[in-house]
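Engineer: Let the hints inform the model, and build the full structure from the sequences given.
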Amino acid sequence: MKQELESYFDRLWPICRSLTGNGNRETLKILSEIVDLNISEIPSGTACFDWVVPPEWNAKEAWIKDSHGNIIVDFKNNNLHLLGYSVPFKGRMSLSELKSHLYTLPEQPDLIPYQTSYYKECWGFCITHNQLLSLEDGEYEVYIDSSLNPKGSMTIADALIKGETEEEVLLSTYICHPSMASNELSGPLISSFLYQLLKTKKLRYTYRFIFVPETIGSICYLSRHGRHLNEKLVAGFVITTIGDDGKFTYKKSRRENALPDRATELVLKQQEKDYIIENFSPIGSDERQYCSPGFNLPVGSLMRTRYGKYKEYHTSADNKDFISFDAMQQSINTYFDILNLIEANHKYINKIQFCEPQLGKRGLYPTLISQKENADFVSVMMWLLNLADGTNDLIDIANRSKAPYKLLIDIAQQLVCKNLLAIN
Amino acid sequence: MKQELESYFDRLWPICRSLTGNGNRETLKILSEIVDLNISEIPSGTACFDWVVPPEWNAKEAWIKDSHGNIIVDFKNNNLHLLGYSVPFKGRMSLSELKSHLYTLPEQPDLIPYQTSYYKECWGFCITHNQLLSLEDGEYEVYIDSSLNPKGSMTIADALIKGETEEEVLLSTYICHPSMASNELSGPLISSFLYQLLKTKKLRYTYRFIFVPETIGSICYLSRHGRHLNEKLVAGFVITTIGDDGKFTYKKSRRENALPDRATELVLKQQEKDYIIENFSPIGSDERQYCSPGFNLPVGSLMRTRYGKYKEYHTSADNKDFISFDAMQQSINTYFDILNLIEANHKYINKIQFCEPQLGKRGLYPTLISQKENADFVSVMMWLLNLADGTNDLIDIANRSKAPYKLLIDIAQQLVCKNLLAIN
Amino acid sequence: MKQELESYFDRLWPICRSLTGNGNRETLKILSEIVDLNISEIPSGTACFDWVVPPEWNAKEAWIKDSHGNIIVDFKNNNLHLLGYSVPFKGRMSLSELKSHLYTLPEQPDLIPYQTSYYKECWGFCITHNQLLSLEDGEYEVYIDSSLNPKGSMTIADALIKGETEEEVLLSTYICHPSMASNELSGPLISSFLYQLLKTKKLRYTYRFIFVPETIGSICYLSRHGRHLNEKLVAGFVITTIGDDGKFTYKKSRRENALPDRATELVLKQQEKDYIIENFSPIGSDERQYCSPGFNLPVGSLMRTRYGKYKEYHTSADNKDFISFDAMQQSINTYFDILNLIEANHKYINKIQFCEPQLGKRGLYPTLISQKENADFVSVMMWLLNLADGTNDLIDIANRSKAPYKLLIDIAQQLVCKNLLAIN
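Residue numbers (the numbering used here), protein chains in the order written: chain W, 33 to 456; chain C, 33 to 456; chain R, 33 to 456.
Note that these hints are calculated values from the structure, not bench results. Each hint can be trusted.
Straight-line alpha carbon distances no greater than 30 Å define the calculated DSSO-like cross-link-like pairs of lysine-lysine that follow: (1) R:K122 - W:K393; (2) C:K383 - W:K264; (3) W:K383 - R:K152; (4) R:K434 - C:K341; (5) W:K305 - W:K279; (6) C:K341 - R:K438; (7) C:K108 - C:K122; (8) C:K301 - W:K341; (9) R:K393 - C:K92; (10) R:K393 - C:K341; (11) R:K341 - W:K393; (12) W:K393 - R:K183; (13) C:K264 - R:K383; (14) R:K341 - W:K301; (15) C:K234 - C:K301; (16) C:K152 - R:K393; (17) W:K393 - R:K131; (18) W:K301 - C:K434; (19) R:K305 - C:K341; (20) W:K393 - R:K92; (21) W:K92 - C:K393; (22) C:K152 - R:K450; (23) W:K438 - R:K341.
Structural biologist: Here it is in structure tokens:
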């Protein structure tokens, strides 16, 4: 899977994504090779709650020439050079006028910043601060061949894997950042390969994968599917900034003790040496919409080093060097563990509620209980039987007993087979 | 205000206050210059719940002469010299008989103790322990010109500032300690100047100020107004021992999580480097009555160094040297901050419950969100909008977001103006 | 009492107890001298929930002879030598065949282990590991004169002390371990002497003492009395491993905040310097049955060093040297304190709910409140009066006030006499 991840990364990296445009269509077309995507076009101007879908933006060419006619900044070389949603422009100007259109990072003078201006019409270029300092006086020529089409559309996609029930688990990621690695491509890539892992499995829940531009995309999606999600969603995750090899960071849902919060905390506690649990905050990614007060959906976000917490964030340094395909593989495994736990998280009921079942006659009690490994097995089984009163779910039982959740899942299945336990 | 505080302090200091008597009337007359007081006389003998208003006590003159005819202890020099509620007495006696009527502080031999005997008829003098040790054998002459009038009355006062609603905030202080500074005069002075600050303000709540002798005064007040307070009171404070420059001490109401508790803890947490929060206890001042089980009113007490916690407490050393008019000014400000927070502590509801409002089109979203100060403003606004679901009040939102409560109040008002937020 | 404890210990020690058999009958006969026991015989084969009472086991003689005809292991010397529930056997065999029937503790080579095989038919001997190592090749003779009678019975006993109400407190201990001191005899001995302390007292609750073999005994008892206990039980304790002088260990009931949990925690907190509180777990003694999900009875267990936590556990070293009769005496006192607290744990209601009662006129308020000891008395009385609103029980009041529970009980009784307090 690591090689596949890298190969898809390399194909997706050069594409210029934004809120709208052909780059997004191309991205979804490539991901369609892995995920059975339903792709929709939402016309510019469509109202979604308090928002309106913006005009479609496409950029073909953009550069700055110095007074000698040399191209000194070229959109071709790096998608970040062009301010997102720059209007078309052609003209000549002095250095000082040009500077009012240039964005740099004085404290990281070697890096190109990532900047956009979605809702205010303007144009600009992002360059390294060192380049800014090296610019000489003189006349500069600027050319931006972009278009903002009010009759265009925004492209979004989803994919469903049907489970036994209509209750749903949501996996949401975004496709609007051009040429950034952890803060963008890690999200759609991990989502897509999780889809592959899940689609061959017998599933209890229905899984909904969403690939949309951040903010306006999820708002638009919720304007169409929010009522359904309100009824059906049991757990959801926003998948973002999960490409580096930093420790896991889990940001809780607004409810703070919802199923994704409880499942993720248990998996991290039992499997990771070091990790971060953050309380919900309304600053962040698309959980801002899922957790808006009217929806208040059970949606958290499992990341590695969180957006805003690493110095490469929103710069040209969030690139292939910054991420690790080994770590991405592990991230997929951890998400998969969490989803498996959610699948297995039943409320069980012990069919023998009064006193202990006699385990010996069912071949469940080792003859010599003094052996350590037998004692551990018996102990976990006892916990499960004792707490299986129909009110505790498996996560409750794991938390109270401190037993490994995977062993609990395994023993629960054995006890269901022996007809000692039933799903409530 | 500092100079006014000091000037009133100097006028109130020499007056001999007790449960009843002309000293209390004189005190309330002076405070009437600041507060629009309603003064009532409750006849001695009036039953109030389990208690009875005591006879009215007044003392004109009281001294001890030694065998040479020299006055060695004189009530004129310090109100504390005469045991509170001493019966009239005139007679000669040996030193050993006299000693059974003298009260001293052996461990603080330079200080005169404060002692009373309200409900057991006797007489006595309080003197320094050093003076006691210096007394020579011989005959002493004692004279106490006091009166205990069963047809007298107890004087109490209150003042109301009407707000928009009938719901009330209570500020209660006592006027029964003669010539003590933090443990008495700080209370009525800070109450009175808070009254002045509030009376010119447009207020949501109605404010009730009470000036009564401790215990019997508040019991008597509750016997008349307790039922009303039970219906209308949202928050109350007993104002006492708040004259020194020690750190703030807040004693919680019996409910421990009532509005005054939550508001005070938030203000202290955000504004003070160091402070003390004490749980409720039924030992203390008039919160004992307000928080008796039948009332269980939301009444706490914000103090500086609490009664019983400083060595000058209930002695002649609790005097002008012990207190600080700067600190008293700050104490008024802190009480005022708490009351302002209580006034602003609405449950808000975001008018756009589904997904975020688009802040940009309302001029509420900075063009470049990468700037720190803009990010802070946006962050606090986001918290407010996200948690404004009609169930969280402003204190909840401040606690969960850790945002400065004054900024939250400010932004809430802006969002109400922009029609994005409504008071629930 | 110490001498009596020791004398009964010495008489009970040599008896071979098991799930069933004459040793259990003899044990209960001796305990009948202290406790007014109702002894019942439950026929082998009787079904109790998921279990069946096993055949009755008795062993008269059991030994191993070496090739020289010397008896090298003899049941007469130590009850532990014979594997519990060994079937009758007579035969000759090689050392290697014999070894498959020998149980030892390689890590404690001087100790005889305690082993049983209740539900799988087999025979065996338990010896020290050192003896095992010293055995020479050759033919061995084995003789076990035991019987497993399917027409026998299991012997159980209980004793009731009637209180004013039908609500019950349960004290449960077990009688199935042969010749072990803390893990067995401490339990029945402490139970029996607690019975003696309680039977002369005027009691609010009815006390139920149970003496049964572990697991099958309590399951059988619950199959007959479980419904009654479900209705009537307010608190219960499993008394086990409480004979050594280690610090107290309290294992909470499954409910974790039930009356026995709250009472024991308060007594230990106020009386012991060091102690251990353990959460409930379904591994342990008969609380496994009392706290099975269908019953979920309020039953905890106060022990000294817990089973499984000391190296002498389940070996020949859990003997008279390991325990302390002084400590057992203290353990009885601590259990007695807990039961007294449970008896006194009323919800009180202050008859004067509005404002404080005037304590002075009832002789409850010291004239000079400045004296420390008076202040303490007044403080505890004030707490009691303030919290006596009919919702708080005495344990709540002790926890919130941090007042000594014994002083609270004492003052509550005084206030009931003065007609200020009533039991709610």
